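Residue numbers (the working numbering), protein chains in the order written: chain H, 157 to 520; chain Z, 157 to 520; chain V, 157 to 520; chain D, 157 to 520.
These are computed hints drawn from the structure, not numbers from a lab. In this text the structure is predicted, and so the values were computed from the model without any measurement. Check before you lean on any hint, since a few could be wrong.
Which copy is meant is left open, because identical chains are indistinguishable; a pair holds if it fits in one copy or across any two.
As the list claims (entries may be wrong) - Cross-link-like lysine to any residue pairs, in silico, SDA-like; alpha carbons within 20 Å at most:
| id | residue 1 | residue 2 |
| --- | --- | --- |
| 1 | 428 | 441 |
| 2 | 461 | 186 |
| 3 | 428 | 290 |
| 4 | 428 | 292 |
| 5 | 436 | 290 |
| 6 | 428 | 364 |
| 7 | 428 | 438 |
| 8 | 461 | 451 |
| 9 | 428 | 297 |
| 10 | 324 | 492 |
| 11 | 428 | 296 |
| 12 | 428 | 301 |
| 13 | 436 | 173 |
| 14 | 428 | 293 |
| 15 | 461 | 180 |
Protein chains: 4
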Amino acid sequence: MSRTRVLLLGAGFIAEIHAESYHRFVPDAEVVGVYSRTEAHARAFAERHGIGRWFTNVDEAIASTDSEVVDICLPNDLHARLVIAAANAGKHIIIEKPLCLTIEEADEMIATCKARNRKLMYAEELCFAPKYERVRQLVREGAIGPLYFMRQCEKHSGPHSDWFYDLKRSGGGALMDMGCHGLAWFRWMLGKDVRPLTVYAQMQTGLLHGARTRCEETSICIVEFDGDVVGCAENSWAKLGGMEDRIEVCGTGGVVYADLFMGNSALTYSDKGYGYAMEKAGTTQGWTFTNFEEAFNQGYPHELKHFISCVREDTEPVSTGEDGRAVLELMNAAYHSARIGQKVALPFRPKVSRPIDLWLGEGA
Amino acid sequence: MSRTRVLLLGAGFIAEIHAESYHRFVPDAEVVGVYSRTEAHARAFAERHGIGRWFTNVDEAIASTDSEVVDICLPNDLHARLVIAAANAGKHIIIEKPLCLTIEEADEMIATCKARNRKLMYAEELCFAPKYERVRQLVREGAIGPLYFMRQCEKHSGPHSDWFYDLKRSGGGALMDMGCHGLAWFRWMLGKDVRPLTVYAQMQTGLLHGARTRCEETSICIVEFDGDVVGCAENSWAKLGGMEDRIEVCGTGGVVYADLFMGNSALTYSDKGYGYAMEKAGTTQGWTFTNFEEAFNQGYPHELKHFISCVREDTEPVSTGEDGRAVLELMNAAYHSARIGQKVALPFRPKVSRPIDLWLGEGA
Amino acid sequence: MSRTRVLLLGAGFIAEIHAESYHRFVPDAEVVGVYSRTEAHARAFAERHGIGRWFTNVDEAIASTDSEVVDICLPNDLHARLVIAAANAGKHIIIEKPLCLTIEEADEMIATCKARNRKLMYAEELCFAPKYERVRQLVREGAIGPLYFMRQCEKHSGPHSDWFYDLKRSGGGALMDMGCHGLAWFRWMLGKDVRPLTVYAQMQTGLLHGARTRCEETSICIVEFDGDVVGCAENSWAKLGGMEDRIEVCGTGGVVYADLFMGNSALTYSDKGYGYAMEKAGTTQGWTFTNFEEAFNQGYPHELKHFISCVREDTEPVSTGEDGRAVLELMNAAYHSARIGQKVALPFRPKVSRPIDLWLGEGA
Amino acid sequence: MSRTRVLLLGAGFIAEIHAESYHRFVPDAEVVGVYSRTEAHARAFAERHGIGRWFTNVDEAIASTDSEVVDICLPNDLHARLVIAAANAGKHIIIEKPLCLTIEEADEMIATCKARNRKLMYAEELCFAPKYERVRQLVREGAIGPLYFMRQCEKHSGPHSDWFYDLKRSGGGALMDMGCHGLAWFRWMLGKDVRPLTVYAQMQTGLLHGARTRCEETSICIVEFDGDVVGCAENSWAKLGGMEDRIEVCGTGGVVYADLFMGNSALTYSDKGYGYAMEKAGTTQGWTFTNFEEAFNQGYPHELKHFISCVREDTEPVSTGEDGRAVLELMNAAYHSARIGQKVALPFRPKVSRPIDLWLGEGA
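Work the whole structure out from these sequences, hints included.
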């Protein structure tokens, strides 16, 4: 059986991780083309990864490669249009988080994919991160008894690309960028049939990046789930010292802590410093937590292998457009809560162009 | 290009890890047969891993599968005979550590493989463990300046199988079983052209397993390398609480610490306990260091992928029979040192049937 | 100058810590009497600590020792009456947390002590815990730039004595028992002139102790302070594996983490188990985090030494009745918030008999 | 009862720690005088610590204060003469490690103190470090079963004062400076009646400090004790990143790890850096392990309190001149071993002016 042909849209940070993951860990997939609006980026990316074709026109890219899968690693505001275009072109879709900017978009994306019988695979890698999956297995096994609390923290000193700071493109700050991970992971841990009841959020802005964005730089988002389980997603663009991604899971029979970055690292003291310690590490002089196999430890290879397998064997992915939509709804509720200082009950059906408008005020 | 056909000799602990690693991470390889002298083990292993054929006669296994590679995961005393048999049958060979029991065997194994133009690939997974490889890269990059000290500790509460305790089969205890890792890794870190000058060793016996073995249960082995670099390999069969595998690397510009088990784990408190925490963890009630992707973190997939690639592309493996022989020489010197209480200069050419005889006395 | 005479009211867990701290670290103080309503407890405590007199009548104890300081380590519902009685008897007072049950009580206690010119010293040991004080000093020094977030977690598997579960005596659960620490510590870190603006709280009950209490077993309490600083106090009576007391402090120039229990411990694996690992550790078989100098690391000696010094030198304590009152107000607001699902603005002036009534409903 | 009067000889790093420890934790002692050969140091030290008198002539200091205890914090080569002088002047003596330079000196010091009926108290603070004492208690309690291995590592980037580098004054390098701690601690853990049988040592020089000293910069020293217990003392003057002081204790029923510096610290990331992280920390920018109560955690207050109590109550100290002598003998054997590459059997009676001569060669 031949390899599954993948078209990669985007040539930035996350596209690099996808390309590396396909290459090293997903032998059943082949990246046949890459798109970036900047020619130099597209060409360099293709050369670096040995990809046959590169494009600067996204529609041409979709039309002129006979790919079966389009893997979208582009800014949030492009998600809806491109998913719909790709589905209409008969492609299965891998879409990076967050799903899109509005609930309406989400509904249309899901409906189009359904109508075209294409898979809409929502790339939530935390559902595949091997250490976190080990924790999920422990919980399933009853190691810590019935669950009543989960926390996921994801924090760093600010995003890779400028478009994240532009709320018209990103739809929001740290919560949109990273809170989506924690919220998706809570649902994954509990099982998707466990309903979220309310959302409360606390946000801060103007910490490190006030000069260039009105987006929230920190967010604490508390979700109450049916069965008296509480999830707490904490996110920051204002935390120095490198990437933080960790969880705490409490049951009445025990507790588990896991840390994907510091908790997997070698500990280094370097007088002179060195090239790279971990994502957004800051200085590498003095003590550093040196990471290895970062993409693997975050679950990207496992995720992409799963998605390619779903396409090849026509099975249901564990993370779908519906999941992305549910996370988007929670984030919308969180922004609204941060504005009004109250828990927001779910389901929540806002009418805004961007989630963050619910916090900053309509048309912000 | 079709997949490389591998015959697996052995159906125990390490054979399981190899089979899982091939299956998940080495798409270019296919395990086509498995041998165990115990029919039930061979059959169950084949079924569990979807392997087409199983054997209880090792020579028949080698003769009747058209494998290109024989991967030997059997007790130490069988290594020499089977490597030679496989080479004579035209197979490339992956041989688990240690290489064999005597220097004479090593020489014959190497000579036979050379004569037959077959690859003798010495399975030292620490040369592939991703965290340790990250450390090696740091050192190469100059992050900690010129190296002057390395330690590798590998300790647990005793081996999986009874044959390890039988010094006629194993050739020695904790040093033979695990010291080979540290010694190989020192050479890998320094570069194989850096000569070891002397070996000193300190051993203990009769701790946990005195009733069933005369083998050393602990070993501290100090190697002086050219250029005033010291390596210290520490090993134990008497350390409770689960597998320990960690390194400490000192240079005049810094230091690095890395830990493969505790240092990659989730931290769990379980009231009732659960199924599995890590290799030889003991109890899982109370606090445990829960591991994930153990085989990956120890480098097995990377190692086997590399070996298969060497066969397919006819390139030189990073770990060869000569490396295994060099490690064996160091271990022989270590046993002799433990007996006489002095540093032993290298090269060292003992005439004994088993390395441990140099400690316990000839014909022990 | 002679030693300052202290009367200790209470012979339970916290009284033990006070007695040990005076004895080992506060040479200027002398415990001259101890009260417990249970004769056997009072007598045994006095003998164990070499205290001259013991009492089972608290008023007699206050009247018949010529103590200068009364140190109150009794259940929360007794605080107000005994502080007032002691002040009226001319004693300076050390009062364990929380200050009392109602704002009215607090006002009366403060007024009485003021009228009698007696010191009301509120025993908040986190303001003295040496590791946390080191962190405070780092922050003052500018090591992490302007502060924008603080978290303090204090969690264990449930209190020492039954009265904590009786909301009529305790006034509330995990928040009253331990949340008071975090809230006091936020004020201490920021400076007491930085006003808290709002409080939000999330609580859970019926986890481990549902059969014997209606008190909250977990609490997450978010406080917004003037200057856009957020504090998050997290507390639990449902966390197995031993005491947790840790902080996280974020500034725009860095971050600090500190852990008083796991983070100061020796790491032990014990096959058979042993006597004591840390407060509420659960099993001591397997891996444990073995503590040392627990009282010292929590700051009790420093706190009591400071209080005794304030009495001797007639200086102002760093933690006073006003501080205890401010914390009580925050806790009242938190209970109210947990009920209504909204942020509560400060100042907050409830009229309830017990803080937890604000969550469970009046007269609960 | 009045306070015990202490004369402090020395005004350097360790004298500071003693002065602080007396002041904060040993109320029964009073430092009545301080000596430094440098007037400015003596005066400043006295002022800083509120000490009544300061001296630049050591004999005058001993003669003209009516101290009961002389506490010697001066370079190694002065130890013997001053202990003898102080004993002859009728003083009890606290002597910092190592006891002195030669076995002959040790014998004379011990004999003089005995003849004068003065206490010779050997200041080995590891016998008092609270975390290590907790570990000793665990071992005594049987938590880890019969002991068979102990390691103590003490490493940093080089000593505080120049005299350490001058082998005529120090008598040796990292082993003399810090190895004495591990060797003393092994004896303390095992009980002093457990005889050491052999010593083996491996040393390195010319790493960080080759331009200014011929002293060993690293030392690994393996001691075999009666009952098949092995101790391994590891020391370095060439380890960057701050002070390391940690232990590993193995028994057939478990294992304990404890770390006095990193293992007690707050973890800080500071963009700009700050004043002080821990002893010899190097940079404070980036990640650091921030220490607190360093003197307390190393056991100085407990040690000095014990010594003062021994004087006041005329009891036997847990660490005496005989202990210092036994450690000195082990260090002598270690230097000899490092020269000859063999285990050295004990007892060992060398005739050299300085221990390091046994490694470098007589008259080096």
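We went through each hint and held it up to the structure:
1. 428 x 441: Answer is both; intra-copy 6 Å and inter-copy 13 Å each pass.
2. 461 x 186: Both. Shortest intra-copy (12 Å) and inter-copy (19 Å) distances satisfy the 20 Å Cα cut-off.
3. 428 x 290: For residue 428 and residue 290, only the inter-copy Cα distance (17 Å) is at most 20 Å; the intra-copy one is 37 Å.
4. 428 x 292: between (40 Å within a copy, 17 Å between copies)
5. 436 x 290: between (26 Å within a copy, 17 Å between copies)
6. 428 x 364: For residue 428 and residue 364, only the inter-copy Cα distance (15 Å) is at most 20 Å; the intra-copy one is 27 Å.
7. 428 x 438: both (14 Å within a copy, 12 Å between copies)
8. 461 x 451: Answer is both: 13 Å inside a copy and 18 Å across each meet the 20 Å cutoff.
9. 428 x 297: Intra 47 Å, inter 11 Å, cutoff 20 Å: inter-copy only.
10. 324 x 492: within (17 Å within a copy, 37 Å between copies)
11. 428 x 296: between (46 Å within a copy, 13 Å between copies)
12. 428 x 301: between (48 Å within a copy, 8 Å between copies)
13. 436 x 173: Classified as within: same-chain Cα gap 15 Å, cross-chain 34 Å, threshold 20 Å.
14. 428 x 293: between (42 Å within a copy, 15 Å between copies)
15. 461 x 180: both (11 Å within a copy, 11 Å between copies)
Going through the hint list in order, the structure satisfies each hint without exception.
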